[in-house]
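Protein chains in written order, with our numbering: chain A, 1 to 223; chain B, 224 to 446.
Quick caveat, the hints were computed from the structure, so don't treat them as lab data. As the structure is a computational prediction, the values presented were derived from the model and not from experiment. Glycine included, C-beta positions come from ideal geometry on N, C-alpha and C. Be a bit skeptical, because a hint or two may be false.
[Unchecked claim] Non-contacting residues of chain B with respect to chain A, defined by C-beta distances greater than 10 angstroms in every case (computed): (1) Val244; (2) Phe294; (3) Thr321; (4) Pro323; (5) Val343; (6) Arg375; (7) Asn380; (8) Lys390; (9) Pro403; (10) Thr418; (11) Lys420; (12) Ala438; (13) Ser439; (14) Val441.
[Said to hold, decoys possible] If the Cβ cut is set under 7 angstroms, some of the chain B residues that face chain A in the computed set are: (15) Phe331; (16) Thr332; (17) Asp340; (18) Ala374; (19) Val381; (20) Glu385; (21) Ser405; (22) Leu408; (23) Glu409; (24) Val413; (25) Asp416; (26) Asn431; (27) Ala432.
Number of protein chains: 2
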Amino acid sequence: MSVATPPLDRKVIEQIVRQIVFANAGQTAAVPSLVVSISARHLHLTDEHVETLFGRGHALTPMKPLYQDGFYAAEETVMIVGPGRRRMLPSVRVLGPTRPATQVELAFTDAISLGIDAPVRLSGDIDGTPGCVLVGPAGVVELKQGVIRAARHVHMNVKDAEYYGVKNHDRINLRIESGPCSLVLEELIVRADATSKLEVHLDTDEGNAADLDHASRVELVKP
Amino acid sequence: MSVATPPLDRKVIEQIVRQIVFANAGQTAAVPSLVVSISARHLHLTDEHVETLFGRGHALTPMKPLYQDGFYAAEETVMIVGPGRRRMLPSVRVLGPTRPATQVELAFTDAISLGIDAPVRLSGDIDGTPGCVLVGPAGVVELKQGVIRAARHVHMNVKDAEYYGVKNHDRINLRIESGPCSLVLEELIVRADATSKLEVHLDTDEGNAADLDHASRVELVKP
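So that you can see chain A by itself, here it is in the shape it has in the complex:
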């Protein structure tokens, strides 16, 4: 018997982003097909931090494409150490490609386990957020800021936005019909651009609250 592995590690290894697609059976062809994805805890790295953590000249190795074109779960994982260096998550998946700023996205359950009070932020909005320590096989990064709980959001292209009657940065609700775990998540941020596929991003706390694996129907509803 070993000490408990941190929650969801099994699933993190199997698939960093779990996706549930709901065909809109019986509805008109005009209804966009809605994908709801659960992002397990993960991080995005700068080129510089990739080299610090994995070695000079190292580049990320794509392992599994994500639903949005051009994005992938990388082979690389990092140890994330909380404040006081007393608690850690041993292997958190890196998503690619690299970014202008390193960012760690945790569910509250993960953040609490590390002793980090993670604020809810839209990806990229990391000014004044807490930091942590990243440990890779070749080095260590003392991250001054960048630990967030990603605000729930929905990617879509302009045609989808037109269908739902929303525009970029509007809010919309997601209803998940899931027996005794049914719920309505409010305040999903619309991220509309020319090319994105229609996809909701939730974290593991939200996915587990809704028991998304057993959901029978998902629906975006204008508040």
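Given the coordinates of chain A, work out where chain B should sit on it, guided by the hints.
Only chain B this time, still in chain A's reference frame:
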């Protein structure tokens, strides 16, 4: 640096059930005061299992009263070991008093970390649920069944039930206003009797999805 402590242990030790009371300021005196409590993972034991785990003649030691009269978090904790004996949660709180059947209540995040596929059940309804191994200082219990995710529910007395226009075993919705984490939990089971205080019981996944610590308003709404 040690291996990560399982999530929420810090809070489990501080307080097994976190409660948020919302005074109904500005409303009439007739509106019942609503308490929303998050039950961290915990278990209920039979007298026999208390003796097996903690020693012959042992009785539970109350540590902290719960909101409902007569119930308490005990000093005692148990190690819960998942199938295959490979993963465990080192110290899960026992709640008292003892019961006719032993029952382990986990959030999905906890259950996944143990490798247990916990069904959503109302407390006491454990036929055909998975088991686990309980390890105490004096002995071990091989639990054949009893591991559940507690179905979200709300305790109330008959006067509260009258106020909300519901009866025992009806369903009601809970809206939690909490900035970007606002949500509506559907299908809360009403547990109405003569003496219970008005109190919603959620688990840590649901509480974390809603960021209940920062909630500004909670409200029971008839569907």
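Evaluation of the provided hints:
1. A cut-off of 10 angstroms between C-beta atoms confirms that Val244 of chain B is not in contact with chain A; the least separation is 21 angstroms.
2. Every beta carbon of chain A lies more than 10 angstroms from that of Phe294 of chain B, the smallest distance being close to 23 angstroms; the non-interface claim holds.
3. For Thr321 of chain B, the non-interface assignment is confirmed: its Cβ lies about 26 angstroms from the closest Cβ of chain A, beyond the 10 angstroms cut-off.
4. Every CB of chain A is more than 10 angstroms from the CB of Pro323 of chain B (nearest about 23 angstroms), matching its label as outside the interface.
5. Non-interface status of Val343 of chain B relative to chain A is broken: a Cβ of that chain comes within 10 angstroms, the nearest being about 5 angstroms off.
6. With a closest Cβ-Cβ approach of about 7 angstroms to chain A, Arg375 of chain B is found to fall inside the 10 angstroms limit, against its non-interface label.
7. At roughly 23 angstroms, the least C-beta separation between Asn380 of chain B and chain A is larger than 10 angstroms, which holds for a residue marked as non-interface.
8. For Lys390 of chain B, the non-interface assignment is confirmed: its Cβ lies about 18 angstroms from the closest Cβ of chain A, beyond the 10 angstroms cut-off.
9. Residue-level check failed: Pro403 of chain B sits 5 angstroms from the nearest beta carbon of chain A, not beyond 10 angstroms.
10. With a minimum CB-CB distance of about 25 angstroms to chain A, Thr418 of chain B clears the 10 angstroms threshold, and the non-interface call stands.
11. Taking the minimum C-beta to C-beta distance to chain A, about 23 angstroms, the non-interface status of Lys420 of chain B holds against the 10 angstroms cut.
12. Residue-level check passed: Ala438 of chain B sits 12 angstroms from the nearest beta carbon of chain A, beyond 10 angstroms.
13. Look at Ser439 of chain B: its CB is around 13 angstroms from the nearest CB on chain A, clear of 10 angstroms, so calling it non-interface holds up.
14. Every CB of chain A is more than 10 angstroms from the CB of Val441 of chain B (nearest about 14 angstroms), matching its label as outside the interface.
15. With its C-beta approaching chain A no nearer than about 4 angstroms, Phe331 of chain B sits inside the 7 angstroms limit, and its interface hint holds.
16. Below 7 angstroms, beta-carbon pairs count as interface contacts, and Thr332 of chain B has one with chain A at about 5 angstroms; its hint therefore holds.
17. Because the smallest distance between the Cβ of Asp340 of chain B and any Cβ of chain A comes to about 10 angstroms, over 7 angstroms, the interface hint for this residue is violated.
18. With a least beta-carbon distance of about 5 angstroms to chain A, the hint placing Ala374 of chain B at the interface is held under the 7 angstroms criterion.
19. The restraint placing Val381 of chain B at the interface with chain A is violated, with a minimum CB-CB distance near 24 angstroms, outside the 7 angstroms limit.
20. Look at Glu385 of chain B: its Cβ only gets to about 25 angstroms from chain A, farther than 7 angstroms, so that hint breaks.
21. With its C-beta approaching chain A no nearer than about 4 angstroms, Ser405 of chain B sits inside the 7 angstroms limit, and its interface hint holds.
22. For Leu408 of chain B, the shortest C-beta to C-beta distance to chain A is roughly 5 angstroms, which falls under 7 angstroms, so the interface hint holds.
23. Interface hint at Glu409 of chain B: satisfied, since its Cβ lies 4 angstroms from the closest Cβ of chain A, which is below the 7 angstroms cut-off.
24. Because the smallest distance between the Cβ of Val413 of chain B and any Cβ of chain A comes to about 13 angstroms, over 7 angstroms, the interface hint for this residue is violated.
25. The beta carbon of Asp416 of chain B is not positioned within 7 angstroms of any beta carbon in chain A (closest approach about 21 angstroms), and the interface hint is therefore violated.
26. Checking Asn431 of chain B against chain A: minimum C-beta separation of about 4 angstroms stays under 7 angstroms; hint holds.
27. Annotation: interface hint on Ala432 of chain B holds; nearest CB of chain A at approximately 4 angstroms, less than 7 angstroms.
Figure legend: structure checked against the earlier numbered hints; hints not met, in rising order: 5, 6, 9, 17, 19, 20, 24, 25.
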